[in-house]
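Colleague: With these hints in hand, go ahead and build the complete structure from the sequences.
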Amino acid sequence: DGGITQSPKYLFRKEGQNVTLSCEQNLNHDAMYWYRQDPGQGLRLIYYSQIVNDFQKGDIAEGYSVSREKKESFPLTVTSAQKNPTAFYLCASLETGELFFGEGSRLTVL
Amino acid sequence: AQSVAQPEDQVNVAEGNPLTVKCTYSVSGNPYLFWYVQYPNRGLQFLLKYITGDNLVKGSYGFEAEFNKSQTSFHLKKPSALVSDSALYFCAVREGGGYQKVTFGTGTKLQVIP
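Keeping their order, the protein sequence lines are chains W and G. Just so we're aligned, residue 73 is where the first sequence starts under this note's numbering, counting upward by one. Just so we're aligned, residue 35 is where the second sequence starts under this note's numbering, counting upward by one.
If you are wondering where the hints come from, they were derived from the structure by calculation, not from laboratory data. No false leads were mixed into what you were given.
For the chain W half of the interface with chain G, some residues (derived, Cβ under 8 Å), not all of them:
1. A103
2. G114
3. L115
4. L117
5. L171
6. G174
Backbone N, C-alpha and C define an ideal beta-carbon position, used for all residues, glycine too.
Modeller: Now the structure itself:
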């Protein structure tokens, strides 16, 4: 089945460590997105990419980095510079105006 | 900058009654508008979208939404609520044309009471 696959589903990290969240899609979509979800704040855009080898900062890009070397893959690195990294992270791709979401990755900083 | 407002954190409705979840938006150009639903610890599922054409849009699970350009609103509606409709609902906007940035509201929790 086509879709968005995020891994891992749950991740624990010690303060000061970088961590990379995986996002893979087999939908052949050009545009991909990373959102962060916190209770009461909805979804906030971290980064998005319209095509391979191109990406733009969203509203809360500080402390995060991405790459888009392949159409299918859009990994997100949460760096030690992100002050409050504990959150639910959602990856999505876009086609004809509709976003297709993965099941999310929950990151907890210990 | 584009933005979305969902003024109600929670909406409670009795099963069988009509429901409305409110959304207003702000974009500089023509809006593309969306509604998504989220169940606990899951990703978001697409419900419906407005791109152009008829102001009343019908979507999945009996939901519909009405685009009102003068009020910059895109309220989600359903004639008869089900307990299984209880979930978190998000409105989103994208500016038309080549822009691909999609902005979400803060979400509205819908509670359908048996």
